[in-house]
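**Q** Kindly produce the complete structure, drawing on both the sequences and the hints.
Chains A and B are the protein sequences, given in the same order.
Residues in the first sequence are numbered from 1 upward in steps of one, following my numbering.
Residues in the second sequence are numbered from 1001 upward in steps of one, following my numbering.
In short, the hints are calculated from the structure, not lab data.
Label-pair restraints from in silico Cβ distances:
no., chain 1, residue 1, chain 2, residue 2, range
1, A, 6, B, 1009, 52 to 60 Å
2, B, 1004, A, 12, 52 to 60 Å
3, A, 14, B, 1069, 50 to 58 Å
4, A, 127, B, 1058, 42 to 50 Å
5, B, 1012, A, 6, 58 to 66 Å
6, A, 139, B, 1041, 36 to 44 Å
Result set (EDC-like, lysine to aspartate or glutamate): computed pairs, CA atoms no more than 20 Å apart in a straight line:
no., chain 1, residue 1, chain 2, residue 2
7, A, 76, A, 88
8, A, 76, B, 1047
9, A, 76, B, 1037
10, A, 31, A, 127
11, A, 76, B, 1039
12, B, 1009, A, 38
13, A, 116, A, 127
14, A, 135, A, 38
15, B, 1073, A, 38
For every residue, glycine included, the Cβ atom is placed at its ideal position computed from N, Cα and C.
Here is how the chains run, residue by residue.
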Amino acid sequence: MVIMKEQDEFLKQMENLQVPDISPEHPEKVKMAIMNADRSAALGVWLIVVPSYFLLCVFMYYFFHIHTGWFGSMFKMMEGLERTPYIDFLGPIILVVLPIICIIINALAITHVQVKKQNPAQSGGREFSITIKVKLWNILLILISLAIVFTFIAYVMTENISIQN
Amino acid sequence: MKLNWFTRKGIIYWPVSIAGWLIWLIALAYAVYTFIDIDGRSHSVSDTLINFVFNLLLIGLAYTIIAYFTEAKKATADTDQV
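**A** Written as C-alpha cells, this is what we have:
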C-alpha cells in the first residue's frame, strides 16, 4: 500500500511538472566552407615556415645588424639556388608561390560565398553574400602570408627601380 | 581514392599505415643523407646547421604535402560550417 501511494504521488508530481517552452531555432541554412579550417591551418604553417625563416634571417642581418655567419649564409644559399641549373626556379616558388597557396587554402577554409535571389516582391535582383568565419589561426596565417608576399613584391619593385636608375 | 596513410595531431602528421611509415622512413633517411652530405662539404658546425635547417624544413614541407592528401578522413564531412 505504501509503495502504491508513493507511486501515485510521484505520478502526480510528474504530471504537475512545468515543462519549459522550447522553441527550437535552427539556422536557416547550413553554410559549408570549401576546405577544412584545421587542416588548412596545419598545411599553411608548413607552407610559410621556409619564407618566414628566410625573412627572419634578412631582418636579423640588415635591420638588427646581427652579422653572424648564420644569417649571412642564408643569402649565399638562396644565391646558390638561383645559380644552380634545374633548381633555379625553387627560390621564387618558396618565397612567393607557397605563401600565395597558403592564403588561398586558408581563405577557402573560412569563407562562404552565396548567390541567391532576392525577394520577388522587392527588386527581384540577385544577392551576393560573403560570410567569413572568425578562426584565429587561419586569419593569422593569411595576414602573415600577405606580409611575406608584399615584402617580396616591394623588394622586387625597389630592386628594379634602383637598377633602372 | 580514399587513402588512410597518416593522421594529424596539431601540425604534425603521423603515419598510421605501412605506406605512411615507408614515406616517413624515406623522409628520415633523406634528411640523414642530406646532413651527412652537407657535413662533408662544410667547414664548420654552424655552416652545417645553417644548410641543414633549410633542407630539413623543405623535407618537412614535402612530407606534409604528401600527408595532407593521404591523411585519414574523419567520419564527418571534410568541410566546416561557416
